[in-house]
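Trainee: Letter by letter, the chains look like this.
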Amino acid sequence: MDNENFGLAKSFSSAPVLSISPHTNFSQKEQTDIEHELNEQVGTTGEYVSEGFCFKLAPGQDQIGFMRSLKEKAPKLTDFAKGTTTLAFEFQEGVLVAVDARATMGAFISSNNVRKVIEINDFLLGTMAGGAADCMFWEKYVAMQCRVYELRNGEKPSVAMASMMLASIMRQYRGQGLSMGTMFTGSDKTGASLYYIDNDATRVKGRLFAVGSGGTFAYGVLDTNYRYDMSLDEAVNLGIRAITSATFKDSASGGVVRIYHVTNHGKWNLIHDAIDVSELHYQFEQNKGHTGRGNEGKPNKYL
Amino acid sequence: MSGHNCVAIATDTRLSTQLMTIDTSFQRVFKVTDSCLMGVSGLGTDVQTLQLTLRSFYFSNSLMKFKLNLYRLKEGRDMKADVFSKLVATSLYEHRFGPYFVSPVIAGLDKVGENEYSPVICTYDSIGYREHNGQFEVAGTGAELLYGVCETFYKPNLEPEQLFEVISNSLLSALDRDSLSGWGAKVYLLTPTELTVRSLKTRQD
Amino acid sequence: MDLENYTNVNIFKKVYEKREVSSIHNVVEQPHHLLKDNTQHAKGGFNPYVNNQGTTVAIAGKDFVLVAADTRISQGFNILSRDYSRTTKLTDQCVITSGGMVADIETLHKLLIAKVKTYQRQFKKTPTVESLAQLLGNTLYGRRFMPYYAFNLLCGIDQNGQGSVYGYDAIGSWDKLTYGVQGSGSELGAPILDNQFVGHNYLVKTLPDDVSVVEDTGKDIINSIAERDIYTGDQVEIVIVDKNGIRVKREPIRRD
Chain A
1 MDNENFGLAK SFSSAPVLSI SPHTNFSQKE QTDIEHELNE QVGTTGEYVS
51 EGFCFKLAPG QDQIGFMRSL KEKAPKLTDF AKGTTTLAFE FQEGVLVAVD
101 ARATMGAFIS SNNVRKVIEI NDFLLGTMAG GAADCMFWEK YVAMQCRVYE
151 LRNGEKPSVA MASMMLASIM RQYRGQGLSM GTMFTGSDKT GASLYYIDND
201 ATRVKGRLFA VGSGGTFAYG VLDTNYRYDM SLDEAVNLGI RAITSATFKD
251 SASGGVVRIY HVTNHGKWNL IHDAIDVSEL HYQFEQNKGH TGRGNEGKPN
301 KYL
Chain B
304 MSGHNCVAIA TDTRLSTQLM TIDTSFQRVF KVTDSCLMGV SGLGTDVQTL
354 QLTLRSFYFS NSLMKFKLNL YRLKEGRDMK ADVFSKLVAT SLYEHRFGPY
404 FVSPVIAGLD KVGENEYSPV ICTYDSIGYR EHNGQFEVAG TGAELLYGVC
454 ETFYKPNLEP EQLFEVISNS LLSALDRDSL SGWGAKVYLL TPTELTVRSL
504 KTRQD
Chain C
509 MDLENYTNVN IFKKVYEKRE VSSIHNVVEQ PHHLLKDNTQ HAKGGFNPYV
559 NNQGTTVAIA GKDFVLVAAD TRISQGFNIL SRDYSRTTKL TDQCVITSGG
609 MVADIETLHK LLIAKVKTYQ RQFKKTPTVE SLAQLLGNTL YGRRFMPYYA
659 FNLLCGIDQN GQGSVYGYDA IGSWDKLTYG VQGSGSELGA PILDNQFVGH
709 NYLVKTLPDD VSVVEDTGKD IINSIAERDI YTGDQVEIVI VDKNGIRVKR
759 EPIRRD
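Residue numbers (the working numbering), protein chains in the order written: chain A, 1 to 303; chain B, 304 to 508; chain C, 509 to 764.
Honestly, the hints are just simulated from the structure, not real lab data.
Model, not experiment: these values are computed from the prediction.
Keep in mind that the hints are not guaranteed to be accurate.
No farther apart than 25 Å at their CA atoms in a straight line, the calculated lysine-lysine pairs in the BS3-like style are these [unchecked claim]:
#: 1; chain 1: A; residue 1: Lys76; chain 2: C; residue 2: Lys625
#: 2; chain 1: A; residue 1: Lys249; chain 2: B; residue 2: Lys489
#: 3; chain 1: A; residue 1: Lys288; chain 2: B; residue 2: Lys504
#: 4; chain 1: C; residue 1: Lys633; chain 2: A; residue 2: Lys56
#: 5; chain 1: C; residue 1: Lys684; chain 2: A; residue 2: Lys76
My request is simple: use the sequences and hints to build the entire structure.
Mentor: Written out as structure tokens, the structure reads:
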């Protein structure tokens with residue numbers, strides 16, 4: 001891959017094409033004719049050359065200090081889309097992934113219908129907690145690296161390897177202000193497996209995770225009802241149940257539930273796309289004989 | 304929000320610490336006199352504010368009740384909503400240097416003539432600046448969101464049932480965009496003859 | 509870590525480089541204010557950001573997209589301009605509209621135009637809205653460590669002829685929407701849009717099909733926001749994108 005024009009999309013998208021290391025400096029690269037012409041026309045010298053995969057940094061030495069003080073400098077800027085309940089667990093038929101769909105900016109709900117499971121490729125899934133942009137971008141980057149690996153070596157990378165790619169990136173950017181807590185799951189020759197990776201470059205292989213602000217509430221339901229030898233139906237219901245109760249308690253989670261199932265033989269399926277958690281809450285409460293408003297046992301006092 | 308010979312307060316029923324919901328049937332609106340309602344929303348949702356919200360409960364019920372009763376004994380009649388709204392302002396200002404972190408809303412009706420009532424709608428900052436424009440006032444975490452919808456949907460001189468529709472629509476739309484409010488809502492509709500309280504079904508997430 | 513290695517701002521590099529001691533000793537170097545490390549300046553260091561505010565609303569329809577934006581630029585409590593257009597045409601079927609810092613908005617819009625041109629020359633076709641959406645996401649993320657202070661909506665007609673709106677945060681997380689509102693009045697505008705185009709408590713979205721109705725709604729929303737948001741006002745700029753191209757019109761609203 002020493003031909004730097006590999007992939008025509010190079011000058012168009014910011015996707016990296018040359019190296020696995022995001023730190024490679026492309027500024028020394030020769031400009032193509034088109035770029036020259038455009039620079040004259042539009043006058044975006046410098047900006048345009050820094051294409052490829054080179055993050056532009058603030059001028060000055062104290063980059064980390066700059067990132068830390070962003071909040072005071074640009075008030076709304078750092079209110080990135082945040083807030084989540086995501087969970088995933090291994091069971092005998094693979095891995096079940098359940099997520100909510102709310103994105104909040106401060107107290108403001110910016111969306112109630114976000115796709116928090118990133119379909120990396122047809123055998124890998126990643127969930128999204130923390131900064132939405134960080135998760136989305138780097139998981140897509142891993143998708144690209146996986147494809148490159150497949151083309152070079154003629155076989156798909158293992159889940160362990162793909163998750164290591166993501167963890168390595170996080171290690172390189174540690175302390176730079178990325179925000180990501182992802183459950184990386186997929187299915188390869190050895191069956192389905194599940195990893196937790198976060199922005200401190202933690203990479204843990206495990207059986208049951210719940211990540212995000214509502215994660216603690218989800219753990220309550222999960223740990224109580226989890227068994228390894230569950231059937232798929234039971235697992236799906238448990239996922240729905242855990243997400244619903246977490247969205248009820250946690251104000252930064254909500255919207256709809258999405259359920260994915262990663263099978264043991266190299267593929268994942270979308271089981272449920274968008275069930276409204278509020279309706280689920282009323283349904284569950286009414287099954288118990290409650291109204292769903294949470295005022296059972298209280299005198300009906302208005303004033 | 305005010306209408307023709309009627310006023311209404313709409314409120315959610317959630318009590319929380321930061322992101323965690325504590326109670327979903329919390330009472331925020333109190334009856335002051337037969338013609339005046341007071342809603343109190345605590346600012347912020349951290350643990351401290353939880354205590355302060357409870358203190359505001361004490362504040363709105365006990366402290367104000369004492370002053371109201373004193374007025375009743377002295378004057379031999381109930382306090383008018385307008386007078387009460389000014390009393391709240393001065394009471395808040397008494398704590399100028401250690402204020403209650405609350406933003407109350409007052410909705411009341413004062414008799415100004417035969418079958419003619421003037422609405423009293425006002426809100427305060429935490430040290431007792433009284434703001435009133437006679438149309439609608441909002442307070443609490445979703446204030447910005449509510450301003451947007453109220454500004455769009457509000458018309459002067461609505462009849463009680465129309466007012467109920469408008470205020471419910473405004474509140475529900477704002478609640479769906481505010482992560483810190485919701486989990487049930489109540490609408491208090493006050494006319495010269497009666498007070499109607501309705502519960503609204505809201506999202507529970 | 510040697511951060512110089514991945515900074516591409518060559519102008520700044522030169523400024524920060526320590527000058528070599530001159531061989532002629534009797535030449536006294538004049539201190540230059542930029543020679544000092546920026547971090548040693550005021551507390552908090554280098555601050556390139558200022559918020560110029562402004563609100564923009566975009567609504568997708570069955571075969572059109574409508575953008576309604578105000579035209580006010582302000583800094584603090586001062587108004588810098590009353591007729592700034594925050595919407596830029598990228599292709600015949602696609603516009604971008606942003607709120608935030610004007611310098612960043614203009615740079616970003618210019619950069620996108622350049623990228624569209626590059627694309628057109630390389631592939632001999634106009635980029636679709638979908639590919640522009642991904643492009644904008646990557647462009648914003650490319651500045652992850654010194655983000656553009658711009659909150660964008662990318663609006664256009666997709667390949668099926670349907671209107672689509674893509675909403676972004678400052679660092680390039682994006683999503684396809686049917687309507688969006690960005691900028692200083694976003695909190696005031698969002699619940700109104702919800703009420704008009706979704707109906708509260710419903711997640712099912714159907715696209716409106718009448719341009720004039722949507723246009724009125726868009727104008728009303730900007731008008732309502734202008735009542736309460738001091739950074740929004742002066743004029744409402746309506747941009748309608750449909751299969752015939754792009755139409756722009758302006759109407760005055762309150763100027764106080």
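Trainee: The structure should be examined with respect to each hint, and the outcome stated for every one.
Mentor: Going through the hints against the structure:
1. A:Lys76 to C:Lys625: This hinted pair is violated, its Cα atoms lying about 32 Å apart.
2. A:Lys249 to B:Lys489: Cα-Cα ~20 Å, so holds.
3. A:Lys288 to B:Lys504: Since the Cα atoms of Lys288 of chain A and Lys504 of chain B sit roughly 18 Å apart, the hinted pair holds (cutoff 25 Å).
4. C:Lys633 to A:Lys56: Roughly 29 Å separates the two Cα atoms, so the pair is violated.
5. C:Lys684 to A:Lys76: Judged against 25 Å, a Cα distance of about 21 Å means the pair holds.
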